[in-house]
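Given these sequences and hints, build the entire structure.
Read top to bottom, the protein sequences are chains B and D.
Numbered according to the numbering used here, the first sequence spans residues 1 to 406.
Numbered according to the numbering used here, the second sequence spans residues 1 to 139.
Bear in mind the hints are in silico, worked out from the structure with no lab data behind them.
Among the hints, a few may not be true.
Residues of chain B clear of chain D, computed beta-carbon distances all greater than 10 angstroms [claimed, not checked]:
1) 52
2) 127
3) 131
4) 207
5) 252
6) 305
7) 332
8) 362
9) 366
With beta-carbon atoms standing in for the labels, derived distance ranges [unchecked claim]:
10) 92(B) to 77(D): 18 to 26 angstroms
11) 42(D) to 318(B): 28 to 36 angstroms
12) 134(D) to 71(B): 45 to 53 angstroms
13) 53(D) to 39(B): 37 to 45 angstroms
14) 8(B) to 134(D): 31 to 39 angstroms
15) 42(D) to 107(B): 36 to 44 angstroms
16) 16(D) to 274(B): 53 to 61 angstroms
Using N, Cα and C, we set each Cβ at its ideal position, and we do this for glycine too.
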Amino acid sequence: MLLTDIEKGMLRGEQGEPVKVAMEILVALGEIYGADKLIPVKSAHCAGLSLKSHGTAGMEWAEDMAKKGGKVRIPTTMNVVGIDRSRDLKLPKEWVSHQQRIEDAYEAMGCYGTSSCVPYYYGFLPQKGEHVAWAESSAVVFVNSVLGARDNREGGPSAWAAGITGLTPNYGLHLDENRIGDTLFDVQVNIKSITDYGALGNYVGKLTGEKIPVFANLGHPTTDELVYFGSALASAGGVALFHAIGITPEAPTLEDAFKGRKYETVVITEKELAQGYKNLNSAKSRDVDYVALGCPHFSLNQIKEVSDLLMGKHVKDGVTLWIHTNMAIKAMAKQFGYMDIIEEAGGILTQDLCTILGTPESLGVHTLATNSPKMAFYAPGSNGFDVWYGDEYKCIQAALTGKWKD
Amino acid sequence: MSIRVKGRIISKGTAEGEALVCTQPIGFNFGVNLKTGVVTEHNHQLEGVSIKDKILIFPYGKGSTGGSYVVYALAKYNTGPKAMINLNTETIIAVGAIMGKVPVMDHLEKDPFDIIENGDYVKVNAVDGYIEIIKKGDN
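Spelled out as structure tokens, the structure:
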């Protein structure tokens, strides 16, 4: 890999230890991936900040880097954490304290404590072709696919390293030749809802792994639906980029998606969609004690839909209802009255955290109902939950009655 | 008599010690006990075995990116390996080793699984880019 004189100096420690560590990480990754050089990036998004991923060891490392003067030099946002800084959710004290210290360390380094997986919804919106270094698999797939920006599936420390140096190794999805589609998925079933998009994403993600799927006949998904679709692809598989013909910016036509490369076609029918739903449902008992929506973090419109379903009703005793969003969207939900409706019904509109990377299991709950394909996929492993996956209406009914009804 | 083999430096440094050979990938996140250095992954080849102070040879890392922080912690608390040798180092091991200053090499000229056995004495020179193996019979 060719480094400039300035970059060599950074690697030698001329700009301090945090920059040296960051450069060592970027250079090692560049070597592994065969990058020819480092390139500048316009923004970074750090993930792995939950205590679940970072651990107290990671907390000590982050505090060490902050103490040694580490400072980001490009706009750097933070991903979800394991606590809601605005209120006491009765989580274990030590968990809360350690999680807070991780946030404080990254904020001391100049990162924005937005603590959310959807930066593109509150002002961090890369342009087509713009090089960025974002972690968080659902955000990676969104900026690459829906915005046409250029981003590799960063890990927490490599995104931090990009924030500290403003650089990333030139490999993977930063290059034109690595953004060409692999397989065509011809959607021959009617996709009617965000939950259908989630089930479809789960099915294809599992099949496609880290390749680049191309979709024909994906319908007319809204942005919210594309967020959930991508998050399913990225969690069930390792998808960092998909093309949807006629929808996403790099694939106005089939030819644009494949650029002359040979491809196989997989037809998606009712059967495959049903399999996606089956993959995401693991519960046997219809008794539900935890309903969680908002993974990725809900938009204002998604919050309004939930508040409409809860208006004048009340969550059953013994059921916990959490709706996840971020500080920016929550402020609007509060302003426009949706938060009051949700909370008067007995639900909680959270900021900063999510189910998977938080610890709702410490509240003693076991059976989850959700409309999130990502949460449904991870929750058995990350939280030990049994899961019912279905649309918002079914989830809210489960919150009101304590029972899952198909 | 020692065998010298060149390789690629992933994380700089030098270290030496007894070889511990594992033919399965190792997942450090939720797979190794930070305090003791003992592998905890259920049904793993090294389940119950301590990697502390060893020269750890395994094909590559697996699992989630939290593993980098575990590799860092093992180094920080002195419960981890002195150095690691992979077939192909992936990002989780690479990043954790750099954070914890643990020497790591991969892409050796010869297959490490052919030339290193448990109990051999191995010197890792991840500054000049080679390892030296002293077979246990020769000690």
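Hint-by-hint comparison with the structure:
1. Once the 10 angstroms rule is applied to beta carbons, residue 52(B) is inconsistent with being away from chain D; the minimum gap is 7 angstroms.
2. Annotated as non-interface, residue 127(B) keeps its C-beta farther than 10 angstroms from every C-beta of chain D; the closest such distance is 27 angstroms.
3. Look at residue 131(B): its CB is around 19 angstroms from the nearest CB on chain D, clear of 10 angstroms, so calling it non-interface holds up.
4. For residue 207(B), the non-interface assignment is confirmed: its Cβ lies about 21 angstroms from the closest Cβ of chain D, beyond the 10 angstroms cut-off.
5. With 10 angstroms as the threshold on Cβ separation, the claim that residue 252(B) sits away from chain D holds: the shortest Cβ distance comes to roughly 33 angstroms.
6. Here residue 305(B) stays apart from chain D, with its beta-carbon at least about 32 angstroms from theirs, past the 10 angstroms limit.
7. Chain D leaves residue 332(B) outside its interface by the beta-carbon criterion, the shortest separation being 32 angstroms against a cut-off of 10 angstroms.
8. With a least CB separation of 17 angstroms from chain D, residue 362(B) remains clear of the 10 angstroms interface cut-off, as annotated.
9. Here residue 366(B) stays apart from chain D, with its beta-carbon at least about 21 angstroms from theirs, past the 10 angstroms limit.
10. Taken as a hint, the range 18 to 26 angstroms holds for the pair residue 92(B) and residue 77(D), whose Cβ atoms sit roughly 23 angstroms apart.
11. Range check, residue 42(D) to residue 318(B): Cβ separation about 33 angstroms, and the 28 to 36 angstroms hint holds.
12. A hinted range of 45 to 53 angstroms for the beta carbons of residue 134(D) and residue 71(B) is consistent with their spacing of about 46 angstroms.
13. In this structure, residue 53(D) and residue 39(B) meet the distance hint of 37 to 45 angstroms, their C-beta atoms being roughly 40 angstroms apart.
14. Between residue 8(B) and residue 134(D) the C-beta distance comes to about 36 angstroms, which sits within the given range of 31 to 39 angstroms.
15. Distance hint for residue 42(D) and residue 107(B): a CB-CB separation of about 38 angstroms, consistent with the stated range 36 to 44 angstroms.
16. The hinted window of 53 to 61 angstroms between residue 16(D) and residue 274(B) holds, with their beta carbons roughly 57 angstroms apart.
Hint compliance for this structure: hint 1 alone is broken.
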